[in-house]
Amino acid sequence: DVKVTQSSRYLVKRTGEKVFLECVQDMDHENMFWYRQDPGLGLRLIYFSYDVKMKEKGDIPEGYSVSREKKERFSLILESASTNQTSMYLCASSPLTGVLNTEAFFGQGTRLTVV
Amino acid sequence: RKEVEQDPGPFNVPEGATVAFNCTYSNSASQSFFWYRQDCRKEPKLLMSVYSSGNEDGRFTAQLNRASQYISLLIRDSKLSDSATYLCVVNGGGSYIPTFGRGTSLIVHP
Chain A
1 DVKVTQSSRY LVKRTGEKVF LECVQDMDHE NMFWYRQDPG LGLRLIYFSY
51 DVKMKEKGDI PEGYSVSREK KERFSLILES ASTNQTSMYL CASSPLTGVL
101 NTEAFFGQGT RLTVV
Chain B
1001 RKEVEQDPGP FNVPEGATVA FNCTYSNSAS QSFFWYRQDC RKEPKLLMSV
1051 YSSGNEDGRF TAQLNRASQY ISLLIRDSKL SDSATYLCVV NGGGSYIPTF
1101 GRGTSLIVHP
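Just so you know, the protein sequences line up as chains A and B, in that order.
Per this note's numbering, the very first residue in the first sequence carries number 1; after that it's consecutive.
Per this note's numbering, the very first residue in the second sequence carries number 1001; after that it's consecutive.
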């Protein structure tokens, strides 16, 4: 069964802390994504990666960085957490099949609160 | 203009009703289309892909209209358990990044 696992379901961090959100997929997918989801704004893409050590900025990369050292793992880093980064963070992966993409599979989400 | 647009709703319907959602997309080169379902405080999950010829899965029917650049989802005989947010997703057109609509909320009441 397809699986994307995020390291934490709920996190509470203090302003200014460095925060690591981990995501692991077991499907050998090339593409991995980090989104944040906020009420009324839908899913917004933060960063994505289409291969190991490759990363591209999404729509809202400010205040975030990512790391993909291994194919199965894609980490999202909040360099200095701020209260406006309180959100639901969703990791997703998908295979790359030619020029078309198949469905994306999501992790269960991490609800981050920055106080 | 947002790339993928949906009416946020909520659509409030009684059990047994038929309800339809539309979603418009701006990139005419888009190639793959999906409907996802998201329950409250859960991750999105694929409901169904949308094929050019239209496709049906039980009470759910998805249609694609490339000329007008929209996809639709029809739910027949609504159940209480259909209450959720339905997300329209578009891929392709030079990008392999899934682009999400903001979702349409459906509430099915007794």
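No lab work stands behind these hints: they were computed from the structure.
Treat the hints loosely; a few may be bogus.
Examples of chain B residues lying across from chain A (beta carbon under 8 angstroms, computed) [what the hints assert, rightly or not]:
1. Phe-1034
2. Arg-1037
3. Cys-1040
4. Ser-1049
5. Glu-1056
6. Gly-1058
7. Ala-1062
8. Tyr-1096
9. Pro-1098
10. Gly-1101
11. Ile-1107
12. Val-1108
Virtual Cβ for every residue (Gly too), placed ideally from N, Cα, C.
Going down the list of hints, with the structure as the test:
no.	hint	verdict
1	Phe-1034	holds (6 angstroms)
2	Arg-1037	violated (11 angstroms)
3	Cys-1040	violated (11 angstroms)
4	Ser-1049	holds (7 angstroms)
5	Glu-1056	violated (18 angstroms)
6	Gly-1058	violated (18 angstroms)
7	Ala-1062	violated (13 angstroms)
8	Tyr-1096	holds (4 angstroms)
9	Pro-1098	holds (5 angstroms)
10	Gly-1101	holds (7 angstroms)
11	Ile-1107	violated (16 angstroms)
12	Val-1108	violated (21 angstroms)
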